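Residue-level listing of the chains:
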Amino acid sequence: MLVRFWGTRGSLAVAQTAGAIRGKIARALVAAGGRGFADTAEAEAFVDRELDFATGGTYGGATTCVEIEGGDGSFIVCDMGTGLREFGIDAFRRCAAGHERTYHFFMSHLHWDHIGGFPFFGPAFDPNAHIVIHSGHADAEQALRRQQEEISFPVAFDWLRAKIEFRTLAPGETYRIGGLDVEVMEQHHSHKSYGYRFTDDAGKTAIFSTDSEHKIDSMEGEADVAHFFRDADLVICDTMYSLADAVSMKEDWGHSSNIVAIDLCHEAEAKRLALFHHEPIYSDDDIQRMHQESIRYEELTRRETPLEVLCAYDGLEVRL
Amino acid sequence: MIWSEEARDGAIVAAPRGKIDESTAQDFGASLEGAVGRAADAAARLVIDCSGIDYMSSRGLRALTLAKRKADGSAVTIVLAAPNGVAREILAISRYDKLFGVTETVEAALTA
Ligand SMILES: [Zn+2]
Ligand SMILES: [Zn+2]
Numbered sequence: 001m002l003v004r005f006w007g008t009r010g011s012l013a014v015a016q017t018a019g020a021i022r023g024k025i026a027r028a029l030v031a032a033g034g035r036g037f038a039d040t041a042e043a044e045a046f047v048d049r050e051l052d053f054a055t056g057g058t059y060g061g062a063t064t065c066v067e068i069e070g071g072d073g074s075f076i077v078c079d080m081g082t083g084l085r086e087f088g089i090d091a092f093r094r095c096a097a098g099h100e101r102t103y104h105f106f107m108s109h110l111h112w113d114h115i116g117g118f119p120f121f122g123p124a125f126d127p128n129a130h131i132v133i134h135s136g137h138a139d140a141e142q143a144l145r146r147q148q149e150e151i152s153f154p155v156a157f158d159w160l161r162a163k164i165e166f167r168t169l170a171p172g173e174t175y176r177i178g179g180l181d182v183e184v185m186e187q188h189h190s191h192k193s194y195g196y197r198f199t200d201d202a203g204k205t206a207i208f209s210t211d212s213e214h215k216i217d218s219m220e221g222e223a224d225v226a227h228f229f230r231d232a233d234l235v236i237c238d239t240m241y242s243l244a245d246a247v248s249m250k251e252d253w254g255h256s257s258n259i260v261a262i263d264l265c266h267e268a269e270a271k272r273l274a275l276f277h278h279e280p281i282y283s284d285d286d287i288q289r290m291h292q293e294s295i296r297y298e299e300l301t302r303r304e305t306p307l308e309v310l311c312a313y314d315g316l317e318v319r320l
Numbered sequence: 001m002i003w004s005e006e007a008r009d010g011a012i013v014a015a016p017r018g019k020i021d022e023s024t025a026q027d028f029g030a031s032l033e034g035a036v037g038r039a040a041d042a043a044a045r046l047v048i049d050c051s052g053i054d055y056m057s058s059r060g061l062r063a064l065t066l067a068k069r070k071a072d073g074s075a076v077t078i079v080l081a082a083p084n085g086v087a088r089e090i091l092a093i094s095r096y097d098k099l100f101g102v103t104e105t106v107e108a109a110l111t112a
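Quick mapping for you: the protein sequence lines, in order, are chains A and B. According to full-length UniProt numbering, the first sequence is numbered sequentially starting from 1. According to full-length UniProt numbering, the second sequence is numbered sequentially starting from 1.
There could be a bad hint or two in this list.
Unchecked claim - Simulated restraints on C-beta separations:
id	chain 1	residue 1	chain 2	residue 2	range
1	B	G101	A	W253	18 to 28 Å
2	A	D231	B	S23	17 to 27 Å
3	B	R38	A	I25	53 to 63 Å
4	B	K19	A	Y175	34 to 44 Å
5	B	N84	A	G315	33 to 43 Å
Hint data in this document are derived by calculation from the structure and do not stem from the laboratory. Predicted model, so just to flag it, every value in this text is computed and none were measured. Even for Gly, the Cβ is constructed at its ideal location relative to N, Cα and C.
Just chain B, same shape as in the assembly (with noise of 0.2 Å):
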């Protein structure tokens, strides 16, 4: 799992890469973390372009949830954004595209 994050439009725009399961979910974890914290003392949305991201267990799923119980302390929005077929059918199946809101592309997570 490599992350790269920008601000982007008044957002913080996280771009993690490969695969998120329990060897990288840890890392996963503490970047979202990181860039949730950022977010925060930005007053920011945290847009995660999920583009890059070959496939997310439920190790990487529950990263996310931790993350968003922090956000939602700071009032910080997280967006998914652009997850490719596979990462959209685990969102599906999991109900986690109940949970956050899902968008097609980075751009319309950052005017969302």
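One chain only, chain A, in its complex shape (with noise of 0.2 Å):
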């Protein structure tokens, strides 16, 4: 299984401003301290080596999507953020070499943050292409047609070419679809969200869960989202908020933090997490401190199985 992501970001969409970037280049050439590179190529192993991520690249600004690959060959895809966008561009150089022209997708929710890349995906104008949209929600539909009505976009959903089918999930149902088994869980945030737990014929399980808050007072249920979670080779978490915030201030706003999502993957002894649905106004700098005080949180709280504690980018690719 591979599990490619195309967009990390919660809630907005953000891009890098002309000042961050200046101030990586700035950070990039005092490290390089002087140095000469023969080439692009020498220069991009000095980045990869010697830079962090965040002066060295970027956790990316685009909206949630996750592809997962190793089904039967058709697309597999979690959410339309606006990094569905990035995904259809490949997807049709995908399909010009080869590629089936099936896609099913997962939907966590119909918040603006995961649905806003469909009126930009080009294999819906695809005569060709099936697309089936598979949703906890049963007005899934409603939300993906009305974000494309003219008050809002002016491609209306009816000029859509390729066929589109919606078909509601229940949670306690295993479903077999595009070549992998799928099971969905009921997640607490505004008007519901889901999270799917995906297994291939090699045994490997891939988890998204995003936009779930784990609500302060009924943490006994808990217990059912590890089960979800058991054993997972991949737990894609929302860890937007510190828990400190999630339980004041942003309390009721939908989302989790780094470290319940390290505890739920604990007790799961889920083998590796991905930090995901980052927050819009950190910087990478933010994102990547958030990151090395996940890892070391997961050290410190350590049971027998280590986990792996990733921190998702637009474009990361983690094979199971």
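Could you fit the two chains together into a complex? Lean on the hints.
In structure tokens:
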């Protein structure tokens, strides 16, 4: 199974400013300390080896969209955040090389940051494409149609050329979709959200659990969440806020924290966690710090099995 | 998790010992809630002597938040005293050091 992140930001898409890029270049030049590089490849090797990620790269700013490879050859995509546009461009390239034109989408929920990429999803205009949108919500079609009404967007949903279907999934069932076993879990979030558990035929498991608040007054219910995450090879988890923010000022905003995610993954004996749905006001330095602190918290609270803590960024690929 | 408690210098000083994670957080929370009640009755502050806590996961931290809500409602102040290095780091990573007063020693918590 291969998991590819096309969008990892929460709530609102963001972009790097000129000032932020300037700061990265200045730090890189200082780190180079006057060294010369024969060519771009040599300079890139320096970036990879010697610069931290927040200096030599960026976590990106597209909202949530995650692709899973490893099913029956159809595309499998979680959420339609603004990262979906890039995925669509890449899908055209792959289809030209012979990839099947079936797309299975799995929707965490229908807030803007999770559907806003669909009007810019090129394959929706491909008459040979078959798009199946799976959701725990029965009103997924309404949400997607409404965002393409004339008041919001110039191209109506009915003008899309692909064959588009909507299917509502129920928690507690195991479905066979796109060559994967898929389970669904209801989560706490405004208008609800749903988590998905994907298992391939080799037994590899990835969990997509975003926009999920683990409420302080129903902590006993977390055993069910840990069970849903059990033995997963990768858990993609909403880690938008610090725990202190999640239980105070931002309580009921529908999101979780890095340390609750780590606790749940420890309890579930999961192998890897990807921090996800990054706070839009965070700079790359802020996200990198949150990642380092998360790794440290995992060390401090580790049981027998270590948990690898990754920080998702636009473009990250994780092979399970 | 073992809980002990004493009244001292006009405060209730509670000393939980051991690990506080999902297996012990419920006991920890119930003990905390009881201690908040006794502190309210005595119009005293509640000092949690954290020196015996090996580590505290998010469950324990969130039990502290539930206790703080009850304490705020009855004008009781909760102070976290003498956390070990690990607990101190966890308080910083979770930003709980911004929600609670944290002191180096129990004595400092009594006079703070
Ligand atoms: Zn969101
Ligand atoms: Zn949402």
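Status of each hint after checking the structure:
1. G101(B) - W253(A): 18 to 28 Å: holds (25 Å)
2. D231(A) - S23(B): 17 to 27 Å: holds (19 Å)
3. R38(B) - I25(A): 53 to 63 Å: holds (60 Å)
4. K19(B) - Y175(A): 34 to 44 Å: holds (39 Å)
5. N84(B) - G315(A): 33 to 43 Å: 40 Å Cβ-Cβ, so the 33 to 43 Å window holds.
The structure shown violates none of the earlier numbered hints.
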